[in-house]
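Quick note, the sequences are listed as chains A, B, C and D, same order.
Reading the first sequence from the start, the letters are residues 0 to 337 in numbering that gives the first Met the number 0.
Reading the second sequence from the start, the letters are residues 0 to 337 in numbering that gives the first Met the number 0.
Reading the third sequence from the start, the letters are residues 0 to 337 in numbering that gives the first Met the number 0.
Reading the fourth sequence from the start, the letters are residues 0 to 337 in numbering that gives the first Met the number 0.
Just so you know, the hints here were simulated from the structure itself, not pulled from any lab data.
It cannot be assumed that every hint is accurate.
Because identical chains share one entry, a pair is satisfied inside a single copy or across any pair of copies.
Taking lysine-lysine pairs in the BS3-like style, the calculated list, with each CA pair at most 25 Å apart, reads [as the list claims (entries may be wrong)]:
1. K148 with K276
2. K276 with K45
3. K70 with K276
4. K115 with K70
5. K148 with K70
6. K276 with K77
Number of protein chains: 4
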Amino acid sequence: MIIIMGTGASPAQVEQVQERLRGWGFDIHFSQGVERTIIGAVGARKDPAMAPMLEAMEGVERVVHILTPYKLAGREFKGEPTRIRVGPVTIGGPRVVIIAGPCAVEDCGQIVGTAKAVKAAGADMLRGGAYKPRSSPYAFQGLEEEGLKLLAQARAETGLPVVTEVLNPRDVELVAEYADMLQIGARNMQNFILLREVGRARRPVLLKRGLAATTEEWLMSAEYILSEGNYDVVLCERGIRTYETSTRNTLDISAVPIIKRLSHLPILVDPSHGTGKRALVAPLARAAVAAGGDGILVEVHPSPETALSDGPQSLTFDDFRQMMDGLRRVAAAVGREM
Amino acid sequence: MIIIMGTGASPAQVEQVQERLRGWGFDIHFSQGVERTIIGAVGARKDPAMAPMLEAMEGVERVVHILTPYKLAGREFKGEPTRIRVGPVTIGGPRVVIIAGPCAVEDCGQIVGTAKAVKAAGADMLRGGAYKPRSSPYAFQGLEEEGLKLLAQARAETGLPVVTEVLNPRDVELVAEYADMLQIGARNMQNFILLREVGRARRPVLLKRGLAATTEEWLMSAEYILSEGNYDVVLCERGIRTYETSTRNTLDISAVPIIKRLSHLPILVDPSHGTGKRALVAPLARAAVAAGGDGILVEVHPSPETALSDGPQSLTFDDFRQMMDGLRRVAAAVGREM
Amino acid sequence: MIIIMGTGASPAQVEQVQERLRGWGFDIHFSQGVERTIIGAVGARKDPAMAPMLEAMEGVERVVHILTPYKLAGREFKGEPTRIRVGPVTIGGPRVVIIAGPCAVEDCGQIVGTAKAVKAAGADMLRGGAYKPRSSPYAFQGLEEEGLKLLAQARAETGLPVVTEVLNPRDVELVAEYADMLQIGARNMQNFILLREVGRARRPVLLKRGLAATTEEWLMSAEYILSEGNYDVVLCERGIRTYETSTRNTLDISAVPIIKRLSHLPILVDPSHGTGKRALVAPLARAAVAAGGDGILVEVHPSPETALSDGPQSLTFDDFRQMMDGLRRVAAAVGREM
Amino acid sequence: MIIIMGTGASPAQVEQVQERLRGWGFDIHFSQGVERTIIGAVGARKDPAMAPMLEAMEGVERVVHILTPYKLAGREFKGEPTRIRVGPVTIGGPRVVIIAGPCAVEDCGQIVGTAKAVKAAGADMLRGGAYKPRSSPYAFQGLEEEGLKLLAQARAETGLPVVTEVLNPRDVELVAEYADMLQIGARNMQNFILLREVGRARRPVLLKRGLAATTEEWLMSAEYILSEGNYDVVLCERGIRTYETSTRNTLDISAVPIIKRLSHLPILVDPSHGTGKRALVAPLARAAVAAGGDGILVEVHPSPETALSDGPQSLTFDDFRQMMDGLRRVAAAVGREM
């Protein structure tokens, strides 16, 4: 930690800061510049409460953090990329993993039909929502446990492992019974109750980036899960909120190489929510793989124009097959399998 | 709903859209322009799934919504401003309501001392967190039920009604036993499980705006609570996330008159989270009242430099008294009591 | 400057950084932490090119700036608030200055009529565009020199000093002949050619904040003007671009107290562009004054529904009179004249 | 245009709107819904001033635009992709065009050396700034005409066509004498004086996206140039401003397929400014090509740690060669040449 004192800071204020740092066990590196006094605090274990306490002291202008606030999620904790197994699938290895399926599970024909179609086209896993977070209380909220059963049936018929979102901390155990991987949606990225709960589950977790989350906040949310003992966390970039309205969100492809530098966790990209428009899904999926993404999460529906949610961004089976063809060539070009 | 067809839309595509609208029971107003076909759909009950289904159809460029997606929260449902009673306090009436207290309840002396000080300076209600949503799993997470008990004690000693945040759907009942008003924090504005749960509680709810929520999404979250039968919802603007880093968030004061036009619900402003800096709290509190806000939610701590959270934005007792003096004059200038 | 080395930085890389700093004449404060090496550079004159050069060196993680990049615009250069005279008007003193008028000068009746009406209601200065920056090449671009002449006529008939926008560096001299104050619009805040040009003019400058400008960038643009010898710069907050679409821009009222802390320059607020909606202008104008703004820039038009630009956000004469009444009370409440 | 009347609109207000539309020559398609009146205006030539005038009328809630505000830049004006010739290079054809060079021209050795190195590695064009827009008035502002001469010399020695930024409308002719292509930088995207000036020059124009520009505003700026008769406009995505601070800007890769759908103009991507970090340039360049970009604009410097600007995001010659190898494979994977 580096404490930068304001120009008007009095010697007494400077001394109070140093006293406090010493009390916390820090060694002090003192630096008197022409216009500012700078105090370096070295050595003691840092507590998240310290910096705000210092910033609230008279005469302190700001506190600069040297170390990242996350530990277990960081590259400094673990240099090697983490590989996460979900049934027969490995995420974070040489293979670009494709997870496909409808936004919401609607009925047996829809989910089993989609599972078969995406498997035939080369998908590795099936996605589908049984519990849907909807901005309107009047919108379809998912089939709930019935939806989980249909996902399990689709897995039984295709062998594809299943990922599905969990919304309620109370449901984590139930969802974990049916699903191979638990999804935390963007709106719940900072639902810390839920993060702790999936941290105690024995299922890998797919953690979507929040709508307006910085990469640091995102890794801190991963840290919540890791710190409960669940090390199987896969990150998923799904677009951030910006002023631009020609896409539903702005897909932040640069998050892929940034996360790769900061963390050992795998990262997928969701071009469906990231763009909100079917025609943009394939080019952005290619971009994500070209940038080094470990896989793609994509919405596919047998007939998007009857989908109970997210139809405009859902691929048809044909769209999906074409996307896969293009993706395979790009994956090969960057030395990945598919 | 108005459906705007793309330039290349075929007559068959135009016909399919009309057929579908007729099937749903809409009357059709057809308008053939030089470059575009426009289809107006009038009369039938709209379902939130319809617009995305239409947008997913071939040939459709976009769907324009005419009506707001919220009903109970809107001015068209209820023209009069709603007044909400929290113990002896009325929010949404002529009085500018001041809710003050520490970010987190830390111990008996801190919370009772703060309650007495803010009451003496004219506060109407006490705030204080017993359950704290923290971006770091290693940060202080609140005293939990012990914190609720201390809040109840502070109320007993001062008569100030208490508002406190609830994070876990499981805790709603417990928190409602101790608190006079339940707070939904910014990070949980779209935690729909929690919204439904407080919608069933018999306590007024303070609903903070999400970090990157539009006013429409915010009112839709209020709608979740209202649609469960709890009509006592107070909105609270607390800053949105923008590119600007000189404040913690950008306090969107214009949300006050906008909400007043769209909704009958009262709206408070939180200049502490909205700015993150003690020196900015008083000027922004004055701005909020001048713009028509129904009250202020503000962080006060006996010694901000030892606060376990949010010290840099917490007012001292002295700061608070000064802020109140300035605020009273502005309230009078805009015809409000304080 | 503080240089934070990356975790993997080699002793040779650390040495190279120090050598370079010594070469530039800095004293070095060296601090070896457990995980990071920190190098403080003290004493020498800083050049804007130095930090990027250091950041481009192997092993360097980032460079932390201690001093502000602006000098003449900063509080450390001049502690007292600057007062700027525009004809008989003083901006930055006890008086809240009201500048009102149409977006664009359209004809003699419109501009002279508006000038008389706003003067009668208490305005201090007249605004009106003769050169209009329009996002469409097909939109009305202003009356140009004819517009300047009409502004001069309106001044002659009312005594109100005139502020008008200049777009083209070539026109600065011409505009300065007619106008009492030169406006740099939001889109030109980083048009450095134009900034230098008005820096050499002998007229006060109204510098609007760019659409997505940080407060630091804004003050750096003021620095361009000041560094050319023109010390009469007035800042104007006019809303920033955010994800929120219910207003044209998000008016950042907190910029008022922030600028007051960082700079000695006066700051006005433009609630017309800041909101884009007539009904929001008066409440936000009150908020701006309550927060400590030195004045208001507001659009007024005799018949907004025929305005060649910005009609939806223009006040009628009646609206303006009502706004002034409310504003006077708020100004008095915060100890200002009007 | 569709005019949506407010719920409280009176019959007289509805009639006034219709009268006005008829006066402008529109046919009216009237639609009376349960809660709202909708008025469609068909047939007449639309003027940009009409919609704001209507929105300023009593009773009008909002105006929905059906047609795009740009004409010449749109796909509806010209269905085929435009190919633009810059000397021997064609932008917008099958070839992915690589434009490389330093941020600023510093001296002969630097620019000629870089030109030779990037040419050897496969670059098609040379970039380099002679006039630099810098946020600080105290930073290096470029070598000006001397820089242009050095660029011409680099072209003479390598055969690479040259693109360089023009800042001052007065300099357009001079820059056009030396350069093969004129660059309009992000900060000048809405400097309409400059846009008109390059619209009259006989050189192709590289138009960078503004820091906070929507795709529509960007195409409107292209329209300014096209409407002056210069049809050779190449767009360049270079990152937009968002809340995320781990990159200098957020590179909006989805702009590539969006622009391809809306416009016939070619689009390049600048991953150097888009990320601000050397390590992110190559992955984002690959993403841009995978998404369908027509080329890459990238900063290369012989020794980034001595660069007078943008060192941290500049590639070394080695970095550039490696990037090119990766890019060639991705280009081939998406069916492009390089």
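Hint check:
1. In this assembly of identical chains, the alpha carbons of K148 and K276 never lie at most 25 Å apart, being 30 Å within a copy and 47 Å across copies at closest.
2. In the homo-oligomer, the alpha carbons of K276 and K45 lie at most 25 Å apart only across protomers (23 Å), although the nearest pairing inside one protomer, at 45 Å, exceeds that limit.
3. Within a single copy, K70 and K276 get their C-alpha atoms only as close as 37 Å, which misses the 25 Å cut-off; across copies the closest is 23 Å, which meets it.
4. In this assembly of identical chains, the alpha carbons of K115 and K70 never lie at most 25 Å apart, being 41 Å within a copy and 41 Å across copies at closest.
5. Taking the closest pair of Cα atoms, K148 and K70 never come within 25 Å of each other, the shortest separation being 37 Å inside a single copy and 34 Å across copies.
6. Within a single copy, K276 and K77 get their C-alpha atoms only as close as 37 Å, which misses the 25 Å cut-off; across copies the closest is 23 Å, which meets it.
Checked against the numbered hints listed earlier, the structure breaks hints 1, 4 and 5; every other hint is satisfied.
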